[in-house]
Structure formats: C-alpha cells, structure tokens
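K.L.:
What follows is each chain in one-letter form.
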Amino acid sequence: MSETGIGAALRRKEDARFLTGTGTFTDDISRPGQLYAHIVRSPYAHAKITAIDTTEAAAAPGVAAVLTGKDMAADGVNPLPCGWQIHSRDGSPMAEPGHPALAVDTVRHVGDRVAVVVAETRHQAREAGALVEVTYEALPAAASITAALADGAPLVHEDVPGNLCFDWEIGDAAAVDEAFAEAAHVVELDLVNQRLIPNAIEPRAAIGEYDAASDMTTLYTTSQNPHLIRLLLGAFVMGLPEHKLRVVAPDVGGGFGSKIFHYPEEVIVTWAARRLGRPVKWTATRSESFQSDAHGRDHVTHGELALAEDGTFLGLRVSTKANLGAYLSTFGSAVPTYLYGTLFAGCYKTPAIYGNVKAVFTHTVPVDAYRGAGRPEAAFMLERLVDLAARKLSMSPVVIRRRNFIEAFPYATPVALEYDAGDYHATLDMALQLADYDGFEARREEARGRGKLRGIGLSTFVEACGIAPSAVAGALGARAGLYESGQIRVHPTGSVTVYTGTHSHGQGHETTFAQLVSEHLGVDVDAVDVVHGDSAKSSFGMGTYGSRSLAVGGNAIYMAMQKVIEKGRKIAAHLMEASPDDVEFERGVFRVAGTDKEKTLGEVALTAYVPHDYPEDLEPGLDETAFYDPKNFTFPAGAHVVEVEVDPETGTVELVNVSCADDVGTVVNPMIVDGQMHGGLAQGIGQALLERAVYDDSGQLVTGSYMNYTMPRAADLPSFTLGTHVTECTHNPLGVKGVGEVGSIGVPPAVINAVVDALAHLGVTHVEMPATPEKVWRTIRDAQA
Amino acid sequence: MPTVTLTVNERAHTTDVESRTLLVELLRDLLGLTGTHVGCDTSQCGACTVLVDGRSVKSCTTLAVDVAGSAVTTIEGLAANGKLHPMQAAFKEHHGLQCGYCTPGMVMSALDLAGRNADPSEAEVREWLEGNLCRCTGYHNIVKAVQEGARAMGGAS
Amino acid sequence: MQTFDYHRPASLAGALEALRGAEDGKILAGGQSLLPIMKLDLVGPSALVSLKGIAELRGIDREGDTLRIGAMTTHAEVAESDVVRDAIPGLAAMAHGIGDAQVRNVGTLGGAIAHADPAADYPAALVALEATVVTDRRHIAADDFFRGFFTTALEDDEIITEVTFPVPDKAAYAKFPNPASRYAIVGVMVAARRGGVRVAVTGAGRGVFRVEAMEHALSDEFAAGTLDGIAMAPDDLVSDMDASGEYRAHLLGVMARRAVEACG
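Chains as they are written, first to last, in this note's numbering: chain A, 1 to 785; chain B, 1 to 157; chain C, 1 to 264.
Quick caveat, the hints were computed from the structure, so don't treat them as lab data.
Just so it is clear, the structure is predicted and the values come from calculations on it, not from any experiment.
From the three backbone atoms N, C-alpha and C, an ideal C-beta is built for every residue, glycine too.
Hints are supplied without guarantee of correctness; some may be wrong.
[To be verified] Which bits of chain A does chain B cover? Going by a derived footprint, with three or more residues having C-beta under 8 Å, they are:
(1) 280-288
(2) 300-308
(3) 498-512
(4) 702-708
Please work from the sequences and hints to get the whole structure.
P.N.:
Here is the structure:
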C-alpha cells in the first residue's frame with residue numbers, strides 16, 4: 001500500500017474549499033441578468049383548479065412573468081417520465097398517469113405546483129406569488145394507503161381505478177405454501193415502515209439559462225446525476241437535443257436519494273428562462289422542501305416466516321402495500337419492487353420465498369428512493385421476523401441466525417439474485433466482540449439497579465449495490481442503462497484529470513478516485529483532479545445513487561487506466577526499443593523486464609503528445625475512456641449490534657452502544673468508509689427512534705418543518721464502534737462493493753430488536769418505528785395492565 | 001433605505017439595506033460571501049451560523065440593521081495566509097465534513113464553544129451542537145473535530 | 001417578510017415614543033421568536049423598535065434576597081452568571097436549557113416572557129419563583145402577568161424593563177423537551193421557600209399554570225415521594241402528535257418529581 005493509494009486514510013482533497021466557504025453550491029451561483037422564480041403551490045391535497053387570475057400578480061413591481069400549467073402545455077412541454085416500468089402479476093403494465101411540472105386542472109398533493117412567478121428579486125417574486133388568485137374546488141383526499149384502497153376512495157388519477165398502480169409479485173407462491181404446510185412453527189408480524197423525509201441540508205435549487213446566440217440551454221441544479229436529468233429534461237420533457245442542453249450539478253449539499261429524481265422545478269426554470277430570455281433561479285425554502293422533495297419508505301407489510309423444529313427457515317411470505325404518493329417519481333416504481341423484493345432472502349438460505357407488493361397512489365408527495373431504498377424495508381421486515389422466531393423457539397438470536405446463514409458462494413436466492421461472495425459468520429463474530437455481547441447480562445443487571453431497562457438487539461443483513469447489469473435491469477423494466485463512464489486524461493507532463501459520470505455530494509470522490517489513480521498509475525494524488533457534475537465535461541454517466549460510485553464508476557476509471565497503461569506500454573516499448581510484451585508497468589514507471597531500462601509515465605505522456613519518435617500505427621495522445629457495465633450487483637453485508645436503555649418512567653430510549661462489523665469489499669479510504677457508515681447509521685437510527693412524516697386525513701403534512709419533523713441531533717446519537725471484514729467482490733476488478741447505504745439498512749432492526757429485548761420480560765413482541773417516548777411508555781403501560 | 005455600517009471579517013462595510021434584510025442576505029447577496037448557507041426557514045438548522053461580536057448567532061434570524069456597528073466573522077474570515085484556522089484544520093483531519101453544506105455553521109458554532117471551553121467533553125460538544133443539523137456525518141467525526149479543534153486553539157493561544 | 005420601519009432608540013423614553021408613533025409597532029428584543037414568525041409572514045408589524053441600544057435594560061444583580069435581571073439580558077448571560085448560579089442555581093440551569101446555543105446568545109428574558117409561548121421555559125420559572133415583572137410604568141406579579149395562550153398583561157405600548165426574583169430556599173426545573181422543536185412538552189419548575197412551595201408547569205396547557213395539589217403536598221413534606229398518587233386530568237392538558245394529554249399528564253408527575261429531586 002502506498003501512502004496515498006488504496007487503503008490509505010487520505011485526508012480529503014475537497015475539504016479545503018468547503019472549510020473556507022469557497023465551495024460553489026447552486027444557490028451560490030448568480031448569472032448575469034438573473035430573475036427569481038417563486039412557485040405558487042397548492043394548499044389542498046386534492047382539488048380542481050377552476051380558475052387562475054394572474055392579473056394582479058403580473059402587474060406587481062418587478063414581475064417579468066406569471067405562468068401556469070396551461071401556458072406550459074401550450075408550449076408543448078411534456079409531463080415528467082418514470083424511469084422504470086413494472087408489470088403486474090397478471091402481465092399488465094403499471095398505470096402510468098402523467099406528472100405535469102405545473103398542474104393543469106387538478107392538484108394532487110399539498111405543495112403541488114400551480115403557477116410560477118418570475119421577478120427581478122426574490123422578495124418581489126414571493127410577494128407577487130401571494131397575489132396569484134387560484135380558485136380551487138376542494139375535493140376529498142386519500143392521504144394514506146388505507147384511505148386510498150378503501151371502497152369508494154377518491155381517485156388520485158381518474159384513469160387509475162382503485163388507485164392501484166401495480167400489483168407485483170416475486171418468488172414461488174406454491175413452493176412457499178408447501179413450506180408453510182410442513183412447518184413446525186410459523187411467526188408472523190404486521191409492521192409499518194414509516195414515511196421519511198430525506199432532508200439533505202442544502203435545499204434543492206435550480207437555475208435555467210438560455211443563450212440565443214448559441215441556442216444553448218443550461219440548467220444548474222442540485223442533482224445527483226446531471227446526465228440523467230439532461231436525458232429526461234431534454235429528450236422526454238422539453239424536446240431539446242442533448243448537444244444544445246447542458247446540465248451542471250456543482251457542489252451539492254447532500255442527496256441521500258432525494259436529488260436523483262427529475263423534479264418539476266427543473267423544468268419550470270428551464271422553460272421560463274427560454275421563454276423570457278433571461279436566467280431564472282429558484283431556491284427552495286425548507287418548507288417547500290418538505291412539500292416537494294420526494295419522500296421515502298411508507299410501506300405497510302405483513303410478513304410470515306415458516307420454520308422447522310430446529311429453527312431452520314423453510315419459507316417466507318411477504319405482503320406489502322407501498323405508497324407511491326400522488327405521481328410516479330423517476331424511480332418510485334423500482335423501489336418497492338426490484339430494490340425490495342429481491343432482498344427478501346437476506347443472508348439466509350430460506351428455500352422458498354414469495355412476495356406481493358401492491359403500489360398505491362395517494363394524495364401525498366411522491367415517494368421514491370431514500371438512502372437504502374427498498375433494502376431497509378426488506379431488512380427490517382426480515383430481521384424483525386427472525387428475532388420473533390428466536391423468541392418463539394427460545395433460541396438465541398445469534399444461534400438462529402448462524403443456523404440459517406448462507407455459507408457457500410456463489411449463492412442463487414429464490415428471489416432473482418446471485419450473491420458472489422460474503423462471510424456472514426465473520427462479520428457477526430466481529431460485531432459480537434465489538435459489542436461485548438457476552439457481557440451483556442451483567443450490564444442489564446446493573447442498569448436494572450438504576451431503574452433502567454436495558455436491551456440488546458442485532459441484525460445481520462445483505463444489501464445489493466451498484467444495480468446492474470444493464471441488460472438484466474432492462475429486462476426487468478429499467479428504462480436506462482446502469483453502466484458508468486470513466487475517463488483518464490493524462491496531460492503532456494504527466495498530471496491527470498479524471499472525468500466521471502458519477503456525482504459527489506459528500507462521498508469524497510475527488511479523493512477516493514484520485515487514490516485509485518495514485519495506486520494504479522503511480523501519480524501523486526496532488527497531480528490528479530477529478531471532474532464531475534457537468535454534462536458538458538464528462539462522458540454520459542448515470543450519476544450517484546444506490547452506493548454505485550466506486551462499485552461501478554470506480555471500476556470504469558480502473559478500466560480506463562488499463563487502456564492508458566496498454567497504450568503507454570506500446571509507447572514506452574518503442575522508446576526503449578523493446579517488445580511491448582517485455583514492458584512491465586509499476587508505480588508510474590514502464591520498465592523492460594529484467595533490465596534497468598525505464599520510462600516514467602510522464603515521459604511516455606510527453607511522447608504521446610509530442611510524437612516525434614513514436615510507434616508507426618499508434619494514435620497520438622494519452623486520453624482514454626471506458627464504459628463499465630457490471631456483471632452483477634455487489635453484495636455488502638454486515639452485522640449490527642445495538643444496546644439501549646429504556647427509561648420506563650418516560651419511555652425514552654437511550655442508545656448506549658452501536659457496534660457494527662461490515663463487509664463492504666475492498667476499502668479504498670477507510671476514513672471515508674467510516675464516515676459513510678456514521679452517516680448511514682444516523683439516518684437509520686433516525687428512522688428507528690425519531691423521524692416520521694405525518695399526514696392528517698385531509699392530506700395536510702403535519703410534519704412540515706423542523707419544528708415537528710425530528711432530525712437526529714448530535715446529542716441524540718452516541719459515538720459508533722465500527723469494524724470491517726473484507727471479502728472481495730469477485731466480479732469487479734477492484735473487489736469493491738459499496739458502503740453508502742449500509743448503515744441505514746442494517747441498523748433500524750437492530751435498534752428495534754434492542755428495544756423489544758429491553759421490554760420482552762413484559763411480554764412485548766414488537767414496537768413500531770419510530771420508537772418515540774410516548775409509544776414506548778404506552779407499550780410498557782399496556783403490557784403491565 | 002437604511003444604511004448599515006458593520007465590520008465583516010475585519011473589513012468595514014457600509015451598505016444600503018432594506019430594514020427586513022437578514023444578516024445572511026447581506027452576507028450572501030450584497031457582499032458575495034456565499035460561504036454562509038441557509039438550510040431552513042424556521043431557525044433550527046444552524047447552517048447560517050456566524051459570529052457577531054464573538055458570539056455564534058443564526059444569521060437567518062438576525063436583521064442586518066440590528067447588528068449595525070457589530071463585528072461579524074464568517075467562515076471566509078478564518079483562514080489566514082493560506083493556512084487553515086486550527087478549527088478548520090481539525091475538521092479536515094478528523095473528516096468532520098462530507099457534503100460541506102452545514103460545515104461553515106458547524107465551524108462557527110464550534111468556535112464559540114471553544115472560546116468558552118478549551119477542553120470540551122464529548123457530551124458537552126454534543127449538547128452544544130443542538131442548534132446545528134448535519135445529515136451526512138452522524139456527528140461522530142464532527143464531535144471529534146470540535147474537541148480536537150478546541151484543544152488546538154487552546155494550545156495555540 | 002414584509003417591510004417595516006426600524007428604530008433603535010438609545011433610551012426607554014425614545015423607545016416608548018417610537019412605539020407610540022407607529023401604527024402597528026412591535027418591540028424587537030432578541031428576535032428569536034419574533035423574526036421566525038415574521039419570516040413566515042405570520043405577523044407583519046409596520047415598525048420594529050429595537051431595544052438593543054438601551055444599556056439600562058441589561059444586567060444582573062442581587063440586592064439582599066432579591067435577584068434582578070434586566071429585560072434585555074440574554075439566556076446565555078443568565079445561564080453563565082455567577083450571581084444567578086449562586087442565588088438561584090435552578091434558574092441558571094433552566095436558562096441553559098432554553099433553545100440552543102445560538103438562540104441563548106441572542107434571546108432575552110424580556111422577549112421570552114412578552115412572547116409568552118405556552119411551551120417556553122421562563123414562564124414556569126417566573127410563576128414558581130413568585131417573580132415580579134417590572135415595566136416602564138408598573139410592577140406586575142408573575143401570576144397576573146401570564147394570561148394564557150401567547151397572552152400577557154402588557155399593554156400595547158408597554159415595555160418590560162426587568163424581572164425581580166425573591167431568592168427561594170431551593171428551586172429546580174425539569175423539562176421533557178419536544179424531540180423536534182426542543183420546546184417543553186412538559187416543563188416543571190418547583191420552588192420552595194418559607195411561605196410554601198410552588199409548582200409551575202409549562203408546555204402542557206394553553207399557558208403556564210400551577211398545580212395546587214402538588215404544592216400542598218410538597219409544602220407538607222418536601223420530598224418527591226409525596227407527589228405519588230397526585231394525578232393530573234389528561235383532558236385539561238394539550239394533546240398533540242408528540243404527546244397525548246394522557247402522556248403529558250403522566251410526564252408532568254415525572255418531571256415534578258425530578259425537579260423536587262434536583263432541588264437536593
């Protein structure tokens with residue numbers, strides 16, 4: 001290991017600008033002549049728009065335009081598309097109602113966009129926004145899964161009967177029926193995976209700009225994947241050719257999934273800028289973020305696990321209703337299906353699995369991927385059932401898991417995945433040791449003396465990252481490829497620019513990818529720059545989500561480096577008058593094997609750009625691009641152990657200890673990997689104990705600000721104890737798997753299992769998330785009654 | 001329109017503002033100091049934290065006219081001669097930032113704590129940061145950075 | 001936020017004049033409650049009169065058994081004051097638990113009590129400690145000052161100058177904060193002095209209130225155990241997403257006991 005290569009805890013290259021306030025976030029950008037957009041939003045969950053009077057607003061000071069959905073439709077702007085088509089179990093395609101960026105005649109959630117006011121200043125736009133007179137005919141709303149599925153429920157879309165988008169299945173129902181018929185034990189559980197609001201601290205923002213002279217349209221936006229936005233906005237929504245549309249996602253202040261999607265505001269500012277011939281900027285207030293960023297999770301599930309007498313899992317049956325919100329968000333249909341049902345096996349060799357998912361439209365903000373996206377829901381369901389089974393069979397939660405672990409790889413699950421590598425015993429061993437699991441009962445006893453109820457819980461889980469390959473995803477309904485691009489431009493004197501189609505919004509790609517170059521090309525990290533986030537600079541790529549950046553993008557960079565090395569080998573061989581077959585490359589130096597003849601990468605690069613003495617049939621230049629389409633997902637796995645103390649007087653749950661052992665494949669930068677774990681754990685703990693989005697029956701978002709949506713704060717969390725056990729991914733050259741989502745997937749069931757363990761002596765078998773003080777207090781009181 | 005004179009990062013500024021102009025608007029829109037960020041509209045996230053006369057305040061909940069005559073320090077005013085301030089350096093060393101959006105507010109808040117407590121415990125740091133939200137780091141490394149930064153500042157003075 | 005005229009008088013007289021001269025003037029103290037609601041356009045005063053320039057409204061001192069805190073004294077100043085810590089440590093501790101560090105640096109005693117948020121901490125302290133609110137024109141006993149939901153006895157043009165607290169034998173505050181807003185779901189201040197014990201509650205009702213049954217019990221014997229069996233009626237308490245009336249009633253008992261225990 002070099003000091004800056006793979007395995008080094010290199011301090012981040014990007015930190016200097018963020019620490020000095022010189023980063024460039026979208027709202028930091030001001031374009032010459034820029035106008036400001038204010039979006040008029042629906043205060044109703046469901047209503048007909050009977051009239052919009054823009055007269056007074058249009059006459060207000062500084063107002064350049066007041067535009068509505070009718071204006072947008074008249075300009076031929078199309079609704080936003082969905083990126084993944086699901087088929088129901090009867091073979092029919094999902095219902096796919098349109099999602100206009102500005103509502104035309106019906107609003108379907110509080111915060112739905114009705115009109116845009118564009119003015120010289122932010123204050124003027126906002127003040128004029130209050131003067132737009134929208135006449136609504138309020139209609140009854142279906143604000144929850146239950147309400148939307150009830151007989152006679154208000155329809156979110158008139159052409160979608162029963163509000164049912166699709167009725168999807170996975171696995172073998174008959175085999176599962178058989179397994180349950182033979183089972184010695186069955187445990188079952190109703191559970192809710194509550195709706196969450198991602199809350200990246202940077203609110204979304206977008207600036208549209210049109211340059212008539214070059215007929216070039218530019219969109220600056222807070223996006224995790226600028227190329228995808230360009231494709232959707234250009235080809236599908238506005239009909240702009242890609243060479244005339246540039247999408248820039250500069251520094252982005254966190255995403256966690258919520259900035260993957262193509263949002264109406266991106267369409268609105270781009271369209272308005274083209275109409276007005278001036279740049280148009282929109283920046284969300286946090287209140288707008290709550291009402292317009294895609295939310296996450298929101299499942300209601302019934303799970304059943306069939307077991308043999310000795311605790312061997314025989315079959316798993318899952319029935320889930322998933323809330324899609326009012327419209328199909330970009331990947332809203334993929335999350336409760338292929339990112340969820342495919343994970344039902346977890347790390348266990350359950351032979352028969354069947355799942356059914358009914359996806360439902362409601363009068364709420366669209367639901368889409370949020371850190372983990374489908375996999376936390378699967379892990380929570382499974383790990384709660386496993387714990388329940390252990391209690392029913394009076395087995396240790398450790399033993400029942402070990403008895404069912406998959407031990408031989410590759411392993412084909414009954415739900416369409418093939419795990420390539422893992423060692424679930426090793427991560428469990430490590431986690432138990434980190435947590436001093438064996439010493440727990442003494443700690444429980446000591447806590448009891450202080451009047452506290454102490455519990456310990458664990459979860460062992462697998463997740464799937466770097467969704468791929470493209471052909472398989474396409475066959476399952478994906479409307480995009482899932483490869484990634486990487487370009488290595490070696491400059492004439494040997495410094496390197498890396499272009500990636502992934503996007504960094506906290507993950508530290510500028511450092512991690514530079515470390516790959518340091519490791520494989522021997523170039524000093526300070527001589528490497530990583531460029532991302534601009535469709536005009538990088539080759540087409542799919543951006544960053546699903547923990548894919550290193551697993552897919554990193555390997556694309558690796559492949560491009562191999563091309564550089566191969567070409568460089570020919571140049572070096574020519575310079576050293578040797579056969580390319582005899583030239584070795586190591587740490588930035590080409591060497592004729594067995595001799596002291598050598599040429600540095602810098603010398604070879606200079607020769608490539610000043611090709612005076614050069615191989616005859618070789619192109620000049622040293623600038624290579626690779627597109628990497630993985631052969632399979634990667635499968636990070638781990639074991640998380642959580643210890644809690646419950647205050648029985650108030651129901652407060654205190655996290656005493658969070659110990660995690662994870663296998664995320666080869667670790668490039670352990671400092672960054674730990675940081676990703678910390679963040680995922682905080683969001684997972686947030687789900688388990690603190691966070692919930694609440695709509696009232698009329699469809700008003702009750703938790704619409706930080707006054708009532710509980711964000712984890714520093715004092716809500718402990719320091720985390722982390723360990724890593726590596727099994728390399730077998731099908732990508734770097735052996736990497738992905739780490740971004742591990743914490744948010746693995747820890748929620750461990751927290752709830754710990755809370756249940758603390759209360760189990762009272763007969764408590766389940767506590768819903770978030771385990772708020774009142775809920776826990778009530779559970780204790782009811783159990784004692 | 002009221003005229004406001006105040007010192008920002010040791011430089012005097014005299015600017016016409018509306019009475020309703022928030023300190024953060026003055027900094028970002030009028031002075032171009034975009035390092036101070038806005039993350040919410042209910043005065044809770046702390047991304048906009050700056051020092052006013054040495055004390056951490058939320059610049060989104062401060063009227064520019066009401067701090068006329070004060071000395072304001074923002075994230076842009078910390079590094080000197082190309083060298084990071086010890087608190088900034090500690091955030092880098094301990095990976096106390098990821099996306100960087102909450103970071104300026106975190107650093108400014110941490111400076112206020114360090115001024116009162118040169119060797120804060122983990123619990124003291126966690127409690128102090130109640131007014132600063134981070135969604136990336138889980139606070140683990142921020143807490144370490146603030147502790148180390150405070151110690152380094154104590155050692156430096 | 002709507003536009004307004006801004007005044008920063010240097011004297012109390014100037015402040016009163018500016019206030020009377022405005023159509024719909026409001027006093028700006030620390031602004032930590034007022035500015036957030038102005039930003040959301042929930043209120044839109046025609047003028048703000050900042051008290052920042054009036055030095056006499058700031059400061060803490062003790063004369064005999066009376067602690068005096070100027071209206072413009074910040075929560076941080078109260079929390080960190082050796083005078084307060086010595087006279088009424090429970091009051092300093094309470095101030096340390098208000099809002100967050102940034103709010104405590106700016107938010108003021110006068111602003112907090114004038115705003116009279118039903119979940120704010122200070123009202124419980126003033127009522128339990130039998131404080132007196134001093135204004136430009138009169139003295140108002142805390143019991144008379146708070147009039148329920150965001151309502152006080154203040155006249156439109158009346159300015160709080162200071163609050164005086166008779167030093168008790170002991171006093172402590174226990175709060176169960178809302179997990180999101182950190183305002184009190186239930187906050188209980190208990191103060192004991194020769195004349196008796198006071199138990200004042202914030203967060204649980206439409207304004208601060210006293211619990212006489214607890215006061216009687218504690219006056220007989222000042223021990224947490226004496227509160228056992230004193231049940232609150234849930235229907236009389238606030239019920240919301242984060243805490244039902246039933247839970248608040250229960251927490252009120254727990255916080256009262258903890259406050260008594262914290263009195264030492």
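K.L.:
Please check whether the region 702-708 of chain A has three or more residues whose CB lies within less than 8 Å of a CB on chain B.
P.N.:
Check passed, 3 qualifying residues.
K.L.:
Would you say the region 300-308 of chain A counts as covered by chain B, given the rule of at least 3 residues with C-beta under 8 Å?
P.N.:
Per the Cβ count (0), the hint is violated.
K.L.:
Are at least 3 residues of the region 498-512 of chain A within less than 8 Å of chain B when you compare beta carbons?
P.N.:
Three-residue rule met by the region 498-512 of chain A, so holds; n is 4.
K.L.:
Would you check chain B against the region 280-288 of chain A, counting CB to CB pairs closer than 8 Å, and say if three or more residues qualify?
P.N.:
holds (count 3)
Checked against the numbered hints above, the structure violates only hint 2.
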